[in-house]
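Visitor: Okay, here's what each chain looks like letter by letter:
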Amino acid sequence: MEHTSLLERILRGIALALVVIFFMFPIVWILMMSFQTNETILRIPPQLVFEPTLANYTALITGKLMTAAGTLDIAFMRNLCNSVFLSVTSVAVALLLGVPAAYAFARHKFRGSEDIAFTLLSFRFAPALLVLLPLTLYFQKLGLANTYIGLIWVYQLICLPLILWIVRGYFEDIPADIEYAYRIAGHSWFATFRKIALPLAGPGIAAAGLLAFIFAWNNFVFALVLASADKQPVTVGALAFITSSGIQYGQISAAIVLSITPTLALALYAQRYLVEGLSLGAVKG
Amino acid sequence: MASLELRNIVKRYKSQTVLDNLSLTVADGETLVLFGPSGAGKTVLLRLVAGVIDPDEGKILIGGEDMTDLDAEFRGVGMAFQNFALFPHMTAFDNIATPLQAKHSSQGTIKTGVESVAKLLKIGHVLSHKPRALSNGQKQRTALARALVGSPPLLLLDDPLRNVDAKLRFEMRLELPRLLADRGATVIYVTQDYKEAMALGDRIAVMSQGVVKQLGTPEQIYREPANVEIARLFGDPTINLLDVKPSRDAKGIYVGLSNVQVHLAGAHEAAVGRDCVIGLRPEALAFVDEGTPGAIPVTVEAETPLNEKIVTLARTVRGREILVSRPSGTPGQSEGRAHIAVDSKSALLFDRASGERIGSKNVVNLRSGEAA
Chain A
13 MEHTSLLERI
23 LRGIALALVV
33 IFFMFPIVWI
43 LMMSFQTNET
53 ILRIPPQLVF
63 EPTLANYTAL
73 ITGKLMTAAG
83 TLDIAFMRNL
93 CNSVFLSVTS
103 VAVALLLGVP
113 AAYAFARHKF
123 RGSEDIAFTL
133 LSFRFAPALL
143 VLLPLTLYFQ
153 KLGLANTYIG
163 LIWVYQLICL
173 PLILWIVRGY
183 FEDIPADIEY
193 AYRIAGHSWF
203 ATFRKIALPL
213 AGPGIAAAGL
223 LAFIFAWNNF
233 VFALVLASAD
243 KQPVTVGALA
253 FITSSGIQYG
263 QISAAIVLSI
273 TPTLALALYA
283 QRYLVEGLSL
293 GAVKG
Chain B
37 MASLELRNIV
47 KRYKSQTVLD
57 NLSLTVADGE
67 TLVLFGPSGA
77 GKTVLLRLVA
87 GVIDPDEGKI
97 LIGGEDMTDL
107 DAEFRGVGMA
117 FQNFALFPHM
127 TAFDNIATPL
137 QAKHSSQGTI
147 KTGVESVAKL
157 LKIGHVLSHK
167 PRALSNGQKQ
177 RTALARALVG
187 SPPLLLLDDP
197 LRNVDAKLRF
207 EMRLELPRLL
217 ADRGATVIYV
227 TQDYKEAMAL
237 GDRIAVMSQG
247 VVKQLGTPEQ
257 IYREPANVEI
267 ARLFGDPTIN
277 LLDVKPSRDA
287 KGIYVGLSNV
297 QVHLAGAHEA
307 AVGRDCVIGL
317 RPEALAFVDE
327 GTPGAIPVTV
337 EAETPLNEKI
347 VTLARTVRGR
357 EILVSRPSGT
367 PGQSEGRAHI
377 AVDSKSALLF
387 DRASGERIGS
397 KNVVNLRSGE
407 AA
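Top to bottom, those sequences are chains A and B. In short: position in the first sequence from 1, add 12, done, that's our numbering. In short: position in the second sequence from 1, add 36, done, that's our numbering.
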């Protein structure tokens, strides 16, 4: 380790602190707002010291929102459940379809394979709004509008290309010789896929799954257009806090805190596995 | 028991022909070494036999059965890769066990099988380690153990000693022949190291640019190389190659080396009057006293003792460099002017233009894989 002077360490500390404050400030502010009433939030100047209240969280969990204009029903918990259901199912379907496809694209160069892979990726280039109108019309004809299946299907536009392209890279990084060695040992290609390729690409699949989950969770526009109240995820559901009697900042903050908690927890949990990385000790060196 | 027969194998990658109409037969229980520079097609050939790549033309017969269209898992061969190709997420034990698991052997059989082959290769103490915790030598032995464990009748070893240190390579070069002989398996061994080829091969196939240039016993390849290239690849220090034009007089055929007429023993009729290259193994040269018939005057430039032998770099009066090798402890000259004599029986003559050996009696018949 190189010796660093005291001044350098102090400056580095300050720089790091500035970066952390810059990035963490909105999150911390939201967390603070979620424990305040609308009155204390809107006080000018804003105050760092306040009497914390759990009213926002109780309102969300019980589903009864007290406003100046009276009691309002909100479906936040249902939205949260929808979000969890939609994201988990979409990622599961995308993994089920995407991982074998990624393997095929990585290992078997067939006619047009590059074109197909690129077409799938290009779904991510198209602005969602461009696709939405025709999609809505089709879905209404097919009876898929406002169904979970329809939403999960549309979510594949988000999840599938992501998983396909990330996982493909991980499969390509596995030396082909390792798979050949397993085949020569007498195992079928499917056993090789299951016992060699899948475990070795595991961290990559986890990373892609996590990313896809976050993208699916954060999706707003597809769900806004294609789902009605009882199928909406939190991203759309949060609109309910903009009421006729004003914006419910406290509840919105609490809703945000509750809705980022699952993704945050998942990311923190999966981080350990992601960092472990590929252990390619078997090949040379 | 498995012999191997390759019939007219052609393999192309895009426009490049990697294997060009190659035919080769390996007898049951024989060890054939594929020797040649990188890019010669050795590894491709091995992979074709293993079944992980398919030939564009030709047939592959293992044990007399046509296996050309059979997938790798049905061919029952064992293979050790140059880069080891161990499964990084499995312990050494599980790595070695994979061929036995594929046969659905019982846990007990697997355990005994793995442990006995591990004991043989002296890696019994590291079986619980994952590849990343193994040294290069241990990885190499694990890879070898995995190839051997199922007692496959045909073993394919792709330069298994390439990535291990010199000491281990030397040890394995001594161990491997016995190990392979004990197994009774047919072996194809790929290497770029001529000493390995000489030590391990019953026969050596010298490959270059997708074709077998010479096929024969190590002795034949060394004594009667088919061309200059092969002569240069085998032997350390490398063979001395000097431009000559053989002539004939009453005493027979001779070449002029530094204005000294050196008469050659053996049949070199065909070389008379042609532009040739003479190949003289450094150990076929010896220091002699001045005045000995056929002695060539040289100046000693440098001397390198290599433990068991001493290699001397000398320069002829015409300025050509020549290497002389002699066993340690034998008399020689370490500096100044000296004289050397040629063991004329071992001299090799090559055509200067084509590089082919002249008067070569071992015409290679590649079709049947036999060296006549």
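Hints are computed from structural coordinates only; laboratory data are not their basis. In this text, all values refer to a predicted model and were calculated from it rather than measured experimentally. Just so it is clear, CB atoms sit at the ideal spot from N, CA and C, and this is done for glycine as well. Be careful, since some hints might not be right.
[Claimed, not checked] Across the chosen pairs, the derived CB separations fall in these ranges:
#, chain 1, residue 1, chain 2, residue 2, range
1, A, Ile73, B, Ser171, 56 to 62 Å
2, B, Glu66, A, Ala188, 42 to 48 Å
3, B, Gln52, A, Arg21, 34 to 40 Å
4, B, Ser171, A, Lys121, 33 to 39 Å
5, A, Lys121, B, Arg214, 42 to 48 Å
6, A, Leu223, B, Asp102, 17 to 23 Å
7, A, Leu154, B, Leu106, 56 to 62 Å
8, B, Thr145, A, Leu223, 43 to 49 Å
9, B, Arg214, A, Arg123, 26 to 32 Å
10, B, Thr253, A, Ala188, 34 to 40 Å
11, B, Gly391, A, Asp185, 53 to 59 Å
12, A, Thr148, B, Thr53, 55 to 61 Å
13, B, Lys203, A, Asp185, 28 to 34 Å
Visitor: Quick one: are B/Lys203 and A/Asp185 within 28 to 34 Å, going by C-beta?
Guide: holds (32 Å)
Visitor: Given the hint of 33 to 39 Å, is the C-beta distance from B/Ser171 to A/Lys121 inside that range or not?
Guide: holds (36 Å)
Visitor: Taking 26 to 32 Å as the hint, is the beta-carbon distance of B/Arg214 and A/Arg123 inside that range?
Guide: This hint is violated: roughly 50 Å between Cβ atoms.
Visitor: Taking 56 to 62 Å as the hint, is the beta-carbon distance of A/Ile73 and B/Ser171 inside that range?
Guide: holds (59 Å)
Visitor: So the hint says 42 to 48 Å: do the beta-carbon atoms of B/Glu66 and A/Ala188 match that?
Guide: violated (29 Å)
Visitor: Confirm or reject the claim that B/Thr145 and A/Leu223 have a C-beta distance inside 43 to 49 Å.
Guide: holds (44 Å)
Visitor: May I ask you to test the hint 55 to 61 Å on the CB atoms belonging to A/Thr148 and B/Thr53?
Guide: Holds, since A/Thr148 and B/Thr53 (Cβ atoms, about 57 Å apart) stay within the stated range.
Visitor: A/Leu223 and B/Asp102, beta-carbon distance inside 17 to 23 Å?
Guide: Once the Cβ atoms are compared, 49 Å apart, the range 17 to 23 Å for B/Asp102 and A/Leu223 is violated.
Visitor: Could one say that the CB atoms of A/Leu154 and B/Leu106 fall in the range 56 to 62 Å?
Guide: Violated - the Cβ-Cβ distance for A/Leu154 and B/Leu106, about 47 Å, lies outside 56 to 62 Å.
Visitor: Okay, B/Gly391 versus A/Asp185 on CB: inside 53 to 59 Å?
Guide: violated (43 Å)
Visitor: How does the Cβ-Cβ distance of B/Gln52 and A/Arg21 compare with 34 to 40 Å: does it lie in that range?
Guide: violated (58 Å)
Visitor: Look at the Cβ atoms of A/Lys121 and B/Arg214 and judge whether their distance stays inside 42 to 48 Å.
Guide: Hint holds: Cβ distance 43 Å, inside 42 to 48 Å.
Violation of the numbered hints given earlier is confined to hints 2, 3, 6, 7, 9 and 11; the remaining hints are satisfied by the structure.
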